[in-house]
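First to last, the protein sequences are chains R and E.
The first sequence runs contiguously to residue 322 in my numbering.
The second sequence runs contiguously to residue 322 in my numbering.
A few of these clues could be false.
As the list claims (entries may be wrong) - With a Cα cut of at most 30 Å, we get these calculated DSSO-like pairs of lysine-lysine: (1) R:Lys288 with E:Lys250; (2) E:Lys289 with R:Lys250; (3) E:Lys128 with R:Lys128; (4) E:Lys233 with E:Lys250; (5) R:Lys288 with R:Lys201; (6) R:Lys212 with R:Lys250; (7) E:Lys122 with E:Lys288; (8) E:Lys233 with R:Lys289; (9) E:Lys212 with E:Lys201; (10) R:Lys233 with R:Lys212; (11) R:Lys122 with R:Lys212; (12) R:Lys128 with R:Lys201; (13) E:Lys288 with R:Lys250; (14) E:Lys233 with E:Lys289; (15) R:Lys250 with E:Lys250.
No lab work stands behind these hints, which were simulated from the structure alone.
Predicted, not measured: the structure shown is a model, and the values here were computed from it.
2 protein chains.
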Amino acid sequence: MKDFIIIGNKAVNAGKISLNDLPGSAGRMDVLCRCVTSALFISFGMRRDINVWLILKGGPGPEKIVRFSGETMRSLNPDERSAGSLIQKALLVEASEQEKQSTPGVFVRYATFAQLLEEMKEVRPIFYLKEDGADLLKTAENDETAALLENGVYILGDNQGVFEGDEKIIEEAGAKKLSVGPQSLLSSHCITLILNALDRMSQNAAETDE
Amino acid sequence: MKDFIIIGNKAVNAGKISLNDLPGSAGRMDVLCRCVTSALFISFGMRRDINVWLILKGGPGPEKIVRFSGETMRSLNPDERSAGSLIQKALLVEASEQEKQSTPGVFVRYATFAQLLEEMKEVRPIFYLKEDGADLLKTAENDETAALLENGVYILGDNQGVFEGDEKIIEEAGAKKLSVGPQSLLSSHCITLILNALDRMSQNAAETDE
């Protein structure tokens with residue numbers, strides 16, 4: 113199981129978002145939609161062992177988390193508008209602190225990023241995508257760290273990155289910093305690179321077993 | 113200079129496309145829009161040494177090519193709708209066989225994929241992204257083939273892949289097949305992986321020079 117958490121600093125968390133204005137009035141929801149596509153889609157199907165957690169911090173309501181579960185996902189296409197439409201539906205559900213399914217494979221609840229990380233940090237290795245982190249490919253080459261990657265929770269900022277308060281929470285959760293390469297890239301592109309490294313790891317492991 | 117050519121088998125090439133229906137009535141234009149974003153965007157800017165050539169084969173008119181030039185690009189954001197809007201504008205220009213600029217950095221002309229490849233094949237190394245190709249990372253590690261990648265023209269299919277006729281043209285142009293890893297991925301994700309390999313190559317070269 114792999115999990116991607118994306119912090120949407122301005123992402124709107126209540127009311128009806130406009131699918132025609134995901135970058136504007138929906139608070140750079142386009143960034144989150146691209147992350148969903150990068151995390152879940154391969155050419156002829158879906159990655160079923162992945163959860164994507166979208167942290168919607170942009171108001172007007174209290175912080176919400178929308179989860180896309182690869183395992184049970186239906187009615188999702190790779191275009192931004194498709195993911196946006198499922199987020200729109202999730203935001204129209206009357207949310208509580210218990211996760212509710214809004215459409216097949218999409219879940220919503222009132223929760224903060226700190227709460228989510230609290231639930232995960234004891235049981236999973238946490239990685240924080242950051243330019244000054246350890247190189248992803250070198251980490252994947254080392255047997256010991258590679259095993260952690262395979263079961264990793266990966267935290268990414270949006271176009272604004274991760275603000276100081278959240279960075280402190282990440283640090284306190286004992287996250288390891290990870291970098292995808294020499295350029296600072298879009299969050300969705302980082303996810304593609306992580307998954308490719310994991311695909312290559314699985315292939316190498318399978319070849320070694322033969 | 114790097115060039116990406118994406119073959120849009122069903123991509124509409126005349127009339128006003130709907131930005132609200134890029135995957136449907138515009139003929140999977142969303143695939144091409146994501147490729148533009150993957151090829152041109154880094155976190156805080158644009159890759160200026162890249163051209164993206166979109167081959168619009170889906171009618172109702174004759175085949176057109178829309179080129180996004182990183183060098184002179186303006187008014188492009190990373191969301192699909194933004195690239196879609198510039199393609200929409202390009203399709204409303206009265207096209208000829210001479211390239212015309214529709215908006216800053218976007219150009220349109222009547223031309224076929226075969227013509228474009230004819231122009232490029234004598235002067236540039238051509239790569240064709242295909243599952244059974246040579247591994248990208250291994251190719252990047254070999255000094256001789258790495259030099260070719262740096263100056264490469266990369267051809268990708270859309271969600272339908274590349275049909276037999278076009279594959280024959282690619283073969284006759286002497287293209288080398290290249291694979292990005294063990295999974296078959298979306299075209300836009302392949303572009304991200306190619307550019308990451310090139311970024312890593314540049315970094316290694318810079319470190320070796322020091």
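- [ ] Would you mind confirming whether the straight-line C-alpha gap from Lys288 (chain R) to Lys250 (chain E) stays at or under 30 Å?
- [x] At roughly 27 Å apart (the allowed maximum being 30 Å), Lys250 (chain E) and Lys288 (chain R) satisfy the hint.
Open item on the list: With the threshold set at 30 Å, check whether the alpha-carbon distance from Lys289 (chain E) to Lys250 (chain R) stays at or below it.
Closed with: At roughly 26 Å apart (the allowed maximum being 30 Å), Lys250 (chain R) and Lys289 (chain E) satisfy the hint.
- [ ] Take the C-alpha atoms of Lys233 (chain E) and Lys250 (chain E), compute the straight-line distance between them, and say whether it is at most 30 Å.
- [x] Since the Cα atoms of Lys233 (chain E) and Lys250 (chain E) sit roughly 23 Å apart, the hinted pair holds (cutoff 30 Å).
Open item on the list: Against the 30 Å threshold, does the CA-CA distance of Lys122 (chain E) and Lys288 (chain E) hold or violate the hint?
Closed with: 25 Å, holds
Task: 30 Å Cα cutoff - pair Lys288 (chain R), Lys201 (chain R) - done: 34 Å, violated
Task: Given pair status - Lys212 (chain R), Lys233 (chain R), alpha carbons within 30 Å - done: It holds: about 23 Å lies between the C-alpha atoms, which stays within 30 Å.
Task: Agreement of Lys128 (chain E) and Lys128 (chain R) with the hint, judged by alpha carbon distance not exceeding 30 Å - done: Roughly 28 Å between the alpha carbons, so the hint for Lys128 (chain E) and Lys128 (chain R) holds.
- [ ] With a cut-off of 30 Å on the C-alpha distance, tell me whether Lys212 (chain R) and Lys250 (chain R) pass.
- [x] 39 Å, violated
- [ ] Take a quick look at whether Lys212 (chain E) and Lys201 (chain E) sit within 30 Å of each other, Cα to Cα.
- [x] Roughly 12 Å between the alpha carbons, so the hint for Lys212 (chain E) and Lys201 (chain E) holds.
TODO: Verify the proposed pairing of Lys250 (chain R) with Lys250 (chain E), using a straight-line Cα cut of 30 Å.
DONE: Within the cut-off at roughly 15 Å; holds.
Task: Proposed proximity, Lys212 (chain R) with Lys122 (chain R) (alpha carbon, max 30 Å) - done: Answer holds: Lys122 (chain R) to Lys212 (chain R) is near 23 Å, not above 30 Å.
- [ ] Measure nothing beyond the straight line between the CA atoms of Lys128 (chain R) and Lys201 (chain R); if it is 30 Å or shorter, mark the hint as holding.
- [x] 8 Å, holds
Against the hints set out earlier in the document, violations occur for numbers 5, 6 and 8.
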